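Enquirer: Each chain is listed here by its residues.
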Amino acid sequence: MTLQQALAALALCIPLAVEARQEFVLTLKDHLFNPAQLAVPAGQKIKIRLINLDAAPEEFESFPLNREKVVLGNSEAILYLGPLAAGEYPFFGDYHPDSAKGVLIVIPEAQWQQVQHVN
Amino acid sequence: MLINTVLLVTRELLPLLLLLVLMLQLQSAQKSRFLLLSVLLSTALVLLLAPWLALLTQLAEGNGLELLFVACYGVSLLALIILLTAKAGPFSPALVVITAQGLICGINLLLYSFTGIGNVDKGDSYWLGTLLALGIGLSIAVLWFHLLDELKRRTPALLLLMLLPACARQTIEALALLQQTGWLPGGQALWDSGVVVSEQSEAGVFLQAWFGYEATPDLIQLTGWLLTLILLSALGYRCYIRRVKNGL
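Chain order of the listed sequences is C and E.
Mapping to numbering that gives the first Met the number 0: the first sequence position 77 is 76, numbers consecutive.
Mapping to numbering that gives the first Met the number 0: the second sequence position 73 is 72, numbers consecutive.
These aren't lab readings, by the way, just hints derived from the structure by calculation.
Bear in mind that the values here come from a model prediction, so they are computed numbers and not experimental data.
The C-beta atom is built at its ideal place from N, Cα and C for all residues, glycine as well.
Please note that a few of the clues may not be correct.
Which bits of chain E does chain C cover? Going by a derived footprint, with three or more residues having C-beta under 8 Å, they are [claimed, not checked]:
1) 133-147
2) 209-223
3) 236-246
Cβ-Cβ distance ranges computed for the label pairs, FRET-style [claimed, not checked]:
4) C:Pro82 x E:Gly246: 35 to 43 Å
5) E:Leu142 x C:Leu52: 38 to 46 Å
6) C:Leu52 x E:Ile240: 36 to 44 Å
7) E:Ala70 x C:Ala35: 33 to 41 Å
8) E:Val141 x C:Glu108: 50 to 58 Å
Please work from the sequences and hints to get the whole structure.
Expert: Next comes the structure, spelled out in structure tokens:
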């Protein structure tokens, strides 16, 4: 196998690893997360687009989610999560833990379908 | 800001300091040269990458930094395996371990410094907090050095045994980052030992720095951690027995 073939094979594998996931948006402004309570479905792979509207960098940190992600000022990053069990997963901004706080509320699938239907 | 800086800087420094002490103990000679070289190399690499941090973080859908850290953990693990199987603590692999860890620690500290340096309200707290964290970290490192020194004096093989938790930590950290980037599937936590030892507690921070403690590990992380421990224990034991038989 030539190097080109190997790279092509690798490129084909990457989209399999990063498959389609439902996307949620979490913004950070004045060191506050918005929404502070983000609802997502249980048992599904999801991604959260974290948009930092502040000039200073921030680190998204969640011990129960095992996530630690730095987002530079005025930029964004993607967090890949799940499948998660239903429940509440607190998170905070490591650089401003007093103000930047939030909770990821993971809703059971049946309940999630109802919420989606109402919306 | 002050307390947060102390906590954050201590958490970043501790893994590096614990590994540095272990590497120093493994060096039979040239400890000062090793220390100087590792500090210089790590600092040079961080300074070299500093102007490119913004670009780096945006690579691979915003996962550039994580992938760099995964590479650092991978290189570190390989160097630790070489140390585990080598006759005597060789200089170069130990230097690679500290440089890779220094790069991770340095980049994280540099990113955090952007929130404090140059900020009139936070600047003093940032510097004071950093100094306090450095003091705490160095105090723990001195105690760790003497503990390892005692272990080495009693049974030299125990020092090699201390490489195993360090190896397992590299694996679990790399796996967690690969899951974060979406390159590996994530999973549900197998248990939550946070009520016994919280990752945010002093003990949790120390255990995390020592062997990669996770209060809520998933199956991939636990498997990787255990496999590293078991396989490298077997490998290390085999090499040690062979060395004893050869009278080395």
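Enquirer: Now, for every hint given, state plainly whether the structure supports it.
Expert: A quick look at each hint next to the structure:
1. 133-147: violated (count 0)
2. 209-223: Coverage by chain C holds for the region 209-223 of chain E (6 residues, Cβ < 8 Å).
3. 236-246: As far as the region 236-246 of chain E goes, the hint is violated, because 0 residues have Cβ atoms under 8 Å from chain C.
4. C:Pro82 x E:Gly246: 35 to 43 Å: 55 Å, violated
5. E:Leu142 x C:Leu52: 38 to 46 Å: 43 Å, holds
6. C:Leu52 x E:Ile240: 36 to 44 Å: Given about 60 Å between the Cβ atoms, the range is violated.
7. E:Ala70 x C:Ala35: 33 to 41 Å: 35 Å, holds
8. E:Val141 x C:Glu108: 50 to 58 Å: 53 Å, holds
The structure fails hints 1, 3, 4 and 6 (numbered hints given earlier, in ascending order).
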